[in-house]
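**Student:** In case you want the letters, here they are:
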Amino acid sequence: MAYLDHAATTPMLPEAAEALTAQLGITGNASSLHAAGRRARRTIEEARETIAEALTARPSEVVFTSGGTEADNLAVKGLYWSRRDADPARTRVLASPVEHHAVLDAVHWLGEHEGATIEYLPVDAYGRVRPEDLREAIARNPDDVALATVMWANNEIGTIMPIRDLADVAAEFGVPLHADAVQAFGQVPVDFGASGLAAMTVSGHKIGGPYGIGALLLGREYSPVPVLHGGGQERHVRSGTLDVPAVASFAVAARLAAEQREWFAREIGALRDDLVVAVREAVPDAILGGDPSPGGRLPANAHFTFPGCEGDSLLLLLDAQGIECSTGSACTAGVAQPSHVLLATGTDPDLARGTLRFSLGHTSTEADVEAVAKAIGPAVERARTAGLT
Amino acid sequence: MTETPQRNPRPLRVLAAMSGGVDSAVAAARAAEAGHDVTGVHLALSANPQSFRTGARGCCTIEDSRDARRAADVIGIPFYVWDLAERFREDVVEDFVAEYEAGRTPNPCLRCNEKIKFAALLDKALALGFDAVCTGHYAQVIVNEDGTRELHRASDMAKDQSYVLGVLDDKQLAHAMFPLGDTVTTKDEIRAEAERRGLAVARKPDSHDICFIADGDTQGFLAGRLGRAEGDIVDESGTKVGTHEGAYGFTIGQRKGLRIGTPAPDGKPRYVLDISPVTNTVTVGPAASLDVSGLTAVKPRWCGAAPSGPGTYTAQLRAHGGETEVTAEPVDDDALDVTFTNPVRGVAPGQAIVLYDGTRVVGSATIASTRRATASVA
Chain Z
1 MAYLDHAATT PMLPEAAEAL TAQLGITGNA SSLHAAGRRA RRTIEEARET IAEALTARPS
61 EVVFTSGGTE ADNLAVKGLY WSRRDADPAR TRVLASPVEH HAVLDAVHWL GEHEGATIEY
121 LPVDAYGRVR PEDLREAIAR NPDDVALATV MWANNEIGTI MPIRDLADVA AEFGVPLHAD
181 AVQAFGQVPV DFGASGLAAM TVSGHKIGGP YGIGALLLGR EYSPVPVLHG GGQERHVRSG
241 TLDVPAVASF AVAARLAAEQ REWFAREIGA LRDDLVVAVR EAVPDAILGG DPSPGGRLPA
301 NAHFTFPGCE GDSLLLLLDA QGIECSTGSA CTAGVAQPSH VLLATGTDPD LARGTLRFSL
361 GHTSTEADVE AVAKAIGPAV ERARTAGLT
Chain R
1 MTETPQRNPR PLRVLAAMSG GVDSAVAAAR AAEAGHDVTG VHLALSANPQ SFRTGARGCC
61 TIEDSRDARR AADVIGIPFY VWDLAERFRE DVVEDFVAEY EAGRTPNPCL RCNEKIKFAA
121 LLDKALALGF DAVCTGHYAQ VIVNEDGTRE LHRASDMAKD QSYVLGVLDD KQLAHAMFPL
181 GDTVTTKDEI RAEAERRGLA VARKPDSHDI CFIADGDTQG FLAGRLGRAE GDIVDESGTK
241 VGTHEGAYGF TIGQRKGLRI GTPAPDGKPR YVLDISPVTN TVTVGPAASL DVSGLTAVKP
301 RWCGAAPSGP GTYTAQLRAH GGETEVTAEP VDDDALDVTF TNPVRGVAPG QAIVLYDGTR
361 VVGSATIAST RRATASVA
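Chains as they are written, first to last, in UniProt numbering: chain Z, 1 to 389; chain R, 1 to 378.
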């Protein structure tokens, strides 16, 4: 087996699994006032501090959610509502067109149901938003911008955005900027405190933590309107009884993600480079998606377009040989459609159907790369015979 | 146990088309049980070009896709969804609309087998290294000693679907697998088998309607595509007896929904005898005028060599239709002249005529025109 779909989800770290199981037998609602509640609350707060440290944020800036999708929705919808409530003129939302669907569809929904005007920022051939384009978009009318949202790194092609520069531009105009950092955390330095961001999304299961847990890092001056109303947990921004085992486990994974980031970038990045070389040797006309320069892309991402192939065919052929990868983001799995990310970068729609994303992670080995090196040539040859139906 | 092992002694790489229904699920399960290396594929045939996921939800086919996936899980085979929506739109839906527009009555299931399941899908399957495509159709493929293949009616005549497969040629048949075809069993028994195999689709209702017209309103679908075109309904003498909103909305032999104001002189029900798209006229008349003595069919396809002269066969003229004795003779290379031993009622151009020798499918062709027992109608 060669599991090369870590961007979809990565195996749980043993330390995180241990922290999770250790908590499963312990009773306590973190909102309760008695000893059991206090014990649970302490676990939560320690985890909050750990995660804050891993992301150089303040503990009060960590708002736990059920995962990346919820955090993205809370940031996009919540900030839109609160900013518009404060000034009805603020109805413009600026977003990159290469966002994950959790952001893209939330933004789209605001346009359909909340009277928002959605403006997609231009991106270059690598899918990167340039600060001057954000500046131009805001400066056209700084008073009507509710928020801007640009992901830290792209989940399909791995392109890293100039987040600090973008945040500087947004801050100049007093516009809150949200970044989905689900893919970036653990792979590139993600420093919320220094970033200038208003809000930032992270997820547990992408860094070796459990499913169903994530966080929105939220600047203390922001009070987004909640998506979930209830008991008032998490700064009254996100109600719901906290999942103590998941939070504790997430914290362990977050600490390790930060501690091992340099090792990950170096070692896994080197494996990724080997994989890129191997694929290009086997299929000389394969096109590497995203930024080819090492500093411009996630160290674990290798995205290819194979002209004349359907990604679906390649996936089936590789899957049959125990190589697990993706045609794009896992959420697009099901019915094949050209990736919105590739279309935004100006890729021809026919070409965009022939993509594969290999994403490495902490368990990746040379053997995984060798398996791909051996299988990809014949698979592409065969998939080309099947063609584009 | 009613499960019958495959005739083929050699394990094959099989691509099982799984619609999400009970038949294709049981067929895939039987193929896997027979030792073949089976991969399940659900064909996404309904295009939805919206790029936003939120807007792309709510289609009934997502549930079918899920049901197919769950069946594949239980059988223990890989499963994928393939998007053949564009091919389906071109080859089946547009053909369906064009045929109705031309005053004919198409059979989209047959067209789907011919152009999608045993063409687009089969071609892709073969290119990807599969040996065969497996479906839940009720029909039998029998391999002769010399390696040639014959398509036969299912063992259970009541469920036989060889009619909608009659259009397949030798090459297509060579890679077709119908694991349900040799089962003499009721639908309840297939459902019981599904239940026994742990397939959740065991109790799923059958689908009978045209899959791309979700609400079953074919007239509404056609009206939406072709627009309203009011015209006359006339009797056999040419006298106007009513109006219609589009000649495409009718089928030869249709009785219901004519909404004719003027009653027939003899007070008996009237039927659609002819549809003329050129003049946008629908001709109606008594049941006796529906009797045809013969027909001309085009685009014949033969299972094996084409017959050199006239022959006597049994014929089926519509899905779920009965058998009738005919004499058929190829005319030129691309037509077939058919004479019925006894007149047949209500034959609709656009439908297929499938010729049988006993249970064996000899060939098929598309009905182009009929000869009325009394006078010829185009």
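Calculated directly from the structure, the hints in this document are not laboratory data. Please note that a few of the clues may not be correct.
[To be verified] Here are the in silico distance ranges between beta carbons for each label pair:
1. Z:GLU112 <-> R:MET157: 51 to 57 Å
2. Z:GLU259 <-> R:ASP209: 40 to 46 Å
3. R:GLY224 <-> Z:ARG58: 57 to 63 Å
4. Z:THR385 <-> R:ALA200: 34 to 40 Å
5. Z:ASP124 <-> R:VAL298: 54 to 60 Å
6. Z:PRO122 <-> R:SER276: 53 to 59 Å
7. Z:PRO284 <-> R:ALA127: 18 to 24 Å
8. R:PRO269 <-> Z:THR385: 33 to 39 Å
9. Z:GLN321 <-> R:ASP146: 32 to 38 Å
10. R:GLY322 <-> Z:GLU112: 49 to 55 Å
Quantities reported herein were computed from a predicted structural model and do not represent experimental measurements. Even for Gly, the Cβ is constructed at its ideal location relative to N, Cα and C.
**Student:** All the hints need checking, so say for each whether the structure fits it.
**Tutor:** Right, here's what the structure says about each hint:
no.	hint	in the structure
1	Z:GLU112 <-> R:MET157: 51 to 57 Å	holds, 53 Å
2	Z:GLU259 <-> R:ASP209: 40 to 46 Å	violated, 60 Å
3	R:GLY224 <-> Z:ARG58: 57 to 63 Å	holds, 59 Å
4	Z:THR385 <-> R:ALA200: 34 to 40 Å	holds, 36 Å
5	Z:ASP124 <-> R:VAL298: 54 to 60 Å	holds, 56 Å
6	Z:PRO122 <-> R:SER276: 53 to 59 Å	holds, 56 Å
7	Z:PRO284 <-> R:ALA127: 18 to 24 Å	holds, 22 Å
8	R:PRO269 <-> Z:THR385: 33 to 39 Å	violated, 57 Å
9	Z:GLN321 <-> R:ASP146: 32 to 38 Å	holds, 36 Å
10	R:GLY322 <-> Z:GLU112: 49 to 55 Å	holds, 53 Å
Checked against the numbered hints listed earlier, the structure breaks hints 2 and 8; every other hint is satisfied.
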